[in-house]
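Listed here are the chains, written in short residue letters.
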Amino acid sequence: MLLVELTVAALTLGGLYALIAMGLTLQYGVARIMNLAHGEFMVAAAFLAYWLVTGLGLHPLLALAVALPVGFLLQWLVYQALLTPLVRRAVSPAALEVDSILATFGLLFIVQGIVLVGFGGGYYSYSYLAFPVNVLGTPVSANRLLAAGVALVIGLAIYGVLVKSRWGTAMRAMAGAPRFAHLVGINPQAMAAFAFALGGSLVVGAGTLVSMFLPFSASMGVTFTMKALVIVIMGGVGNLMGCILAALLLGVVETLVSRFVDPGLTLAATFAIFLLVLLLRPQGLFGRAGR
Amino acid sequence: MMERINLGAWVVAAVLVMMAVLPIVAPGDYLLSYGINLLQYGTLATAWALFSGPTRYISLATTAFFGIGAYTVAVLGEVLPWPAILLVALLIGSLVAFVVGLSTLRLSGVHFVIFTFGLSELIRQLVTWYEVNVTKSIGRYIFTDISMRQIYWQLLALLALALLIGWLIRRSRLGLALRVIGEDEVVARHLGINTTRVKVLLFVVSAAFMTLVGAVMSPRWTYIDPAIVFNPSLSFQVLIMSLLGGAGQLLGPLAGVIPLTALFEYLSGRFPNYFSVLLGVTFLVIVYLVPNGVIERLRSVFRRRPVALEQKGSV
Amino acid sequence: MKRRQTTALFAAAMALTLSGLSVPAAAQEAPKSIRIGYSLAKTGPNAPGGETTVRPNYDMWVKEVNAAGGLMLKAYGKRVPIEVVEYDDRSSTEEAVRAIERLISQDKVDLILPPWGTAVNLAVAPLLARHGYPQLGSTSLTDKSAEFAKRWPTIFFMLGSGGEYAESLMTMLDAARKSGKIGDKVAMLHVADGFGVDAAVAARKAADRYGFKLVVDKSYPVGSQDLSPLLNEVKAQAPDVFIAWSYPPDTVLISDQARVLSFNPKVFFTGVGTQFPFFKAKYGAGLEGQMSTGGVDGESALINDYFKRHKDLTGKEPDSWGSPVTYASLQVLQQAIERVGKIDRPAILTELKAGSFDTVLGPVKFKDQVLHGIFHVGQWQNGVFQGVAPSNLKGARAAVIPKPNWKN
Numbered sequence: 001m002l003l004v005e006l007t008v009a010a011l012t013l014g015g016l017y018a019l020i021a022m023g024l025t026l027q028y029g030v031a032r033i034m035n036l037a038h039g040e041f042m043v044a045a046a047f048l049a050y051w052l053v054t055g056l057g058l059h060p061l062l063a064l065a066v067a068l069p070v071g072f073l074l075q076w077l078v079y080q081a082l083l084t085p086l087v088r089r090a091v092s093p094a095a096l097e098v099d100s101i102l103a104t105f106g107l108l109f110i111v112q113g114i115v116l117v118g119f120g121g122g123y124y125s126y127s128y129l130a131f132p133v134n135v136l137g138t139p140v141s142a143n144r145l146l147a148a149g150v151a152l153v154i155g156l157a158i159y160g161v162l163v164k165s166r167w168g169t170a171m172r173a174m175a176g177a178p179r180f181a182h183l184v185g186i187n188p189q190a191m192a193a194f195a196f197a198l199g200g201s202l203v204v205g206a207g208t209l210v211s212m213f214l215p216f217s218a219s220m221g222v223t224f225t226m227k228a229l230v231i232v233i234m235g236g237v238g239n240l241m242g243c244i245l246a247a248l249l250l251g252v253v254e255t256l257v258s259r260f261v262d263p264g265l266t267l268a269a270t271f272a273i274f275l276l277v278l279l280l281r282p283q284g285l286f287g288r289a290g291r
Numbered sequence: 001m002m003e004r005i006n007l008g009a010w011v012v013a014a015v016l017v018m019m020a021v022l023p024i025v026a027p028g029d030y031l032l033s034y035g036i037n038l039l040q041y042g043t044l045a046t047a048w049a050l051f052s053g054p055t056r057y058i059s060l061a062t063t064a065f066f067g068i069g070a071y072t073v074a075v076l077g078e079v080l081p082w083p084a085i086l087l088v089a090l091l092i093g094s095l096v097a098f099v100v101g102l103s104t105l106r107l108s109g110v111h112f113v114i115f116t117f118g119l120s121e122l123i124r125q126l127v128t129w130y131e132v133n134v135t136k137s138i139g140r141y142i143f144t145d146i147s148m149r150q151i152y153w154q155l156l157a158l159l160a161l162a163l164l165i166g167w168l169i170r171r172s173r174l175g176l177a178l179r180v181i182g183e184d185e186v187v188a189r190h191l192g193i194n195t196t197r198v199k200v201l202l203f204v205v206s207a208a209f210m211t212l213v214g215a216v217m218s219p220r221w222t223y224i225d226p227a228i229v230f231n232p233s234l235s236f237q238v239l240i241m242s243l244l245g246g247a248g249q250l251l252g253p254l255a256g257v258i259p260l261t262a263l264f265e266y267l268s269g270r271f272p273n274y275f276s277v278l279l280g281v282t283f284l285v286i287v288y289l290v291p292n293g294v295i296e297r298l299r300s301v302f303r304r305r306p307v308a309l310e311q312k313g314s315v
Numbered sequence: 001m002k003r004r005q006t007t008a009l010f011a012a013a014m015a016l017t018l019s020g021l022s023v024p025a026a027a028q029e030a031p032k033s034i035r036i037g038y039s040l041a042k043t044g045p046n047a048p049g050g051e052t053t054v055r056p057n058y059d060m061w062v063k064e065v066n067a068a069g070g071l072m073l074k075a076y077g078k079r080v081p082i083e084v085v086e087y088d089d090r091s092s093t094e095e096a097v098r099a100i101e102r103l104i105s106q107d108k109v110d111l112i113l114p115p116w117g118t119a120v121n122l123a124v125a126p127l128l129a130r131h132g133y134p135q136l137g138s139t140s141l142t143d144k145s146a147e148f149a150k151r152w153p154t155i156f157f158m159l160g161s162g163g164e165y166a167e168s169l170m171t172m173l174d175a176a177r178k179s180g181k182i183g184d185k186v187a188m189l190h191v192a193d194g195f196g197v198d199a200a201v202a203a204r205k206a207a208d209r210y211g212f213k214l215v216v217d218k219s220y221p222v223g224s225q226d227l228s229p230l231l232n233e234v235k236a237q238a239p240d241v242f243i244a245w246s247y248p249p250d251t252v253l254i255s256d257q258a259r260v261l262s263f264n265p266k267v268f269f270t271g272v273g274t275q276f277p278f279f280k281a282k283y284g285a286g287l288e289g290q291m292s293t294g295g296v297d298g299e300s301a302l303i304n305d306y307f308k309r310h311k312d313l314t315g316k317e318p319d320s321w322g323s324p325v326t327y328a329s330l331q332v333l334q335q336a337i338e339r340v341g342k343i344d345r346p347a348i349l350t351e352l353k354a355g356s357f358d359t360v361l362g363p364v365k366f367k368d369q370v371l372h373g374i375f376h377v378g379q380w381q382n383g384v385f386q387g388v389a390p391s392n393l394k395g396a397r398a399a400v401i402p403k404p405n406w407k408n
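Protein chains in written order, with the numbering used here: chain X, 1 to 291; chain D, 1 to 315; chain E, 1 to 408.
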């Protein structure tokens, strides 16, 4: 049935987008770093997975298990080495944002350059879980389903932690009122570093999962970054649930436009919505005014 | 101080005259080619800094306007005489800039950056869709007899004009208004400055130059399609060149353009594999070592000395 | 008297000897090296194509030529080695134009090898034409090749003409329909870019002429990440023939999702990338029956030898469309140079236009600067991307229609 087929397609796509955007929401929302190298890290993770799977013969899920802690560590180091000096010298959150944009631009080119030197400019692809799974009568590729499923599980898990645990509450406090966080005994630096690293490991995980079904090349990072940025801002900065919902919304819009209007306008529709949200409701569709 | 400004202006004017005469005095395609490259980025960076420098809004819309200029030539190339095409490109670019400029009302910082980057992509997607579905053919051809020299001189004229306008603005009340906006926009509004009008005006002027540069450069490529003229890396390169030199000074962008174009030239031949990495390192150097640009850093070094001497003297 | 005669004789002998020695000196000195330059993209959208199809062939040819001592220049009676000057244009047309300007004016190279892709080749064509450098384009495809050949006397199109591919495909499909193997329902997708749009326009015209019905005719943007909704739509129409004018990443997406959906039309034709080595590595035996542009003569000893040498020398396998054509372009250039005997670009150009050359593709001869005798449609048969159309080309094999079902 067309409706079921479209819904499944929309949710799978939305799940993919949520996976791509969640890491960035944590980094931007809590650590206040607009990480423009986001897509580059995803691509680097995809190449890492490729190397682990085809070069070392590792099982892709094992590669994922390896990638997550590696991503965490790497991004934590990036925060400490590269971003802490900027945080220290920032005179205002706006200044930090601008500085972090520029610094992560630099990081973008460096990571892309490293991948290029290692793998060259060509397209790479490997197959994993490329068999169909029947979802309500529609066949969906198992690897895409896995990506969407993981996004949902991780999203809910992190949301649960953010809402229910003390430590999660501390993170939300940081996101909400960074200047006053230390008044209640939160160490902003450590918290920000942790959030950045956690977001980073999500990004690396996303890259690994995506590599199972999307052909990737060193120059693709910017596409992912743009998608993630659109979703993060639409969902409201630092709002994880908003981010997931915005991702699903985007998946629905793209699927509908592709089917009923013109596939050639899907990306244009995405940007148009994004621009509208920025102009009419800059705090995001689900964000609270005044953040 | 007045004398220093006048001397600087004379020096710049002399350099421009020398550059104008260069193709006649020292002919050679390579020199011309390098000159075109330098002037292209010089004008784009100077135009970029006209708006982004004083207002501190980082714009990634350079590509959008450059592409609009180039695409106008591609569409009207066989239909109108060259000056008319430039005029049409100017009008279209200014109109788009006007609409986009109004959007800066409600955005700031990160949102503006992403908005302008998204804008380039959006225009590209729309033009592509139009070509694919309406004209059903996506590439356009530009067959003109415009020589490299003519392109060189047109770019030089644009650069001279951009510098002139920048200089005039700085000395005018508009320039003062801009500096206040850059420091604190709320204060500016309280002072009665119509910040909207100022920002939009500057953005339109800046975009007009970028559009014209795109139009002037386009005959060099023969075949044009949206992917070619709306190439996002142009925005990044112009950004990095302006910031390196310092977007707050009139000549700052040029101070960034000259070394970076030389560096890129050197890199593409010797270390092609490492271009991306070195570009990234340059960004980091800018952010950590010269956040306000090289010229500002040099000035601060020179400014400290007289103060130190005074202190020594008083002891 | 005797002494004067002796002296005179001695002087005469000296004069004769000296004049004898100076005769070879009047025929110039051989250059130390033949400088050949090119600009290829190492990054950006043009990189994957260039790195697969063009660069390995350039590297391989230079290595082999220099291993033999260089190109034989009979005007000097010796072999002169090749010296390469290369630039990275980062997929920017302006950078490519500048690189060629640099090669001509600054590096003053003897010959220039073309960059990858139609757009860039067209961009540098006026420049090369103005300075008389031959341009053997093996990766540029346009339906205006006849017009461009007149405008730029230095440009050669070795992939034929754009419209020919759709024509050959439709002719083959028509023959299959006449023998009852397929019906007349065709579903066509194309990427919203130069290659896709031009190919789709030509295919639409040809399909109309042959009386095929286009039940789906849609485009999708470059960089799409999920094409399953489109493919669902296509599958719902139950076409006999599926054509997708796609780029490597979308070719992979389409191929993956067709398999997931168990979409098995009788003819499955995808675009660029299908004939690339990474594609074969990814799908292995499951590729059987998939069609695309290009194709090679799998039985040809020349081709098999070329594939082996390419793998040995560069570590990568060639693709089965542009790679052998690119290598052939270098063989053509080499033979033209060696026939002329020295680096005389006008003479080389004359030879290129008129001469007949031996290459891995077989004998090659240009007609008005365009090469027509290459495969336009190929099909994966037993691990070889075999040329199937035009069917009257040497080495063409019958297309396997219907395509065997996907092996999951």
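Any given hint could turn out to be false.
What the hints assert, rightly or not - Cut-off 30 angstroms, straight-line C-alpha distance, at most; resulting in silico cross-link-like pairs (DSBU-like, lysine-lysine): (1) E/K108 x D/K136; (2) E/K74 x E/K280; (3) E/K280 x E/K311; (4) E/K394 x D/K136; (5) E/K144 x E/K213; (6) D/K136 x E/K185; (7) E/K181 x E/K218; (8) E/K282 x D/K136; (9) E/K308 x E/K403; (10) E/K213 x D/K136; (11) E/K150 x E/K178; (12) E/K311 x E/K266; (13) E/K394 x E/K365; (14) E/K144 x E/K403; (15) D/K136 x E/K316; (16) E/K266 x E/K394; (17) E/K181 x E/K308; (18) E/K407 x E/K266; (19) E/K311 x D/K136.
Hints are computed from structural coordinates only; laboratory data are not their basis.
Hints and how they fare:
1. E/K108 x D/K136: violated (41 angstroms)
2. E/K74 x E/K280: Cα-Cα ~43 angstroms, so violated.
3. E/K280 x E/K311: holds (14 angstroms)
4. E/K394 x D/K136: Violated, at about 36 angstroms.
5. E/K144 x E/K213: holds (27 angstroms)
6. D/K136 x E/K185: holds (22 angstroms)
7. E/K181 x E/K218: holds (25 angstroms)
8. E/K282 x D/K136: violated (34 angstroms)
9. E/K308 x E/K403: OK: E/K308 and E/K403 at ~28 angstroms, within 30 angstroms.
10. E/K213 x D/K136: holds (19 angstroms)
11. E/K150 x E/K178: violated (39 angstroms)
12. E/K311 x E/K266: violated (33 angstroms)
13. E/K394 x E/K365: holds (15 angstroms)
14. E/K144 x E/K403: violated (33 angstroms)
15. D/K136 x E/K316: Given that 30 angstroms is the threshold and the Cα spacing comes to 37 angstroms, the pair is violated.
16. E/K266 x E/K394: holds (25 angstroms)
17. E/K181 x E/K308: violated (36 angstroms)
18. E/K407 x E/K266: Status holds; Cα separation ~15 angstroms.
19. E/K311 x D/K136: Given pair E/K311, D/K136 is violated - Cα atoms ~40 angstroms apart, limit 30 angstroms.
When held up to the earlier numbered hints, the structure conflicts with 1, 2, 4, 8, 11, 12, 14, 15, 17 and 19 and fits the remainder.
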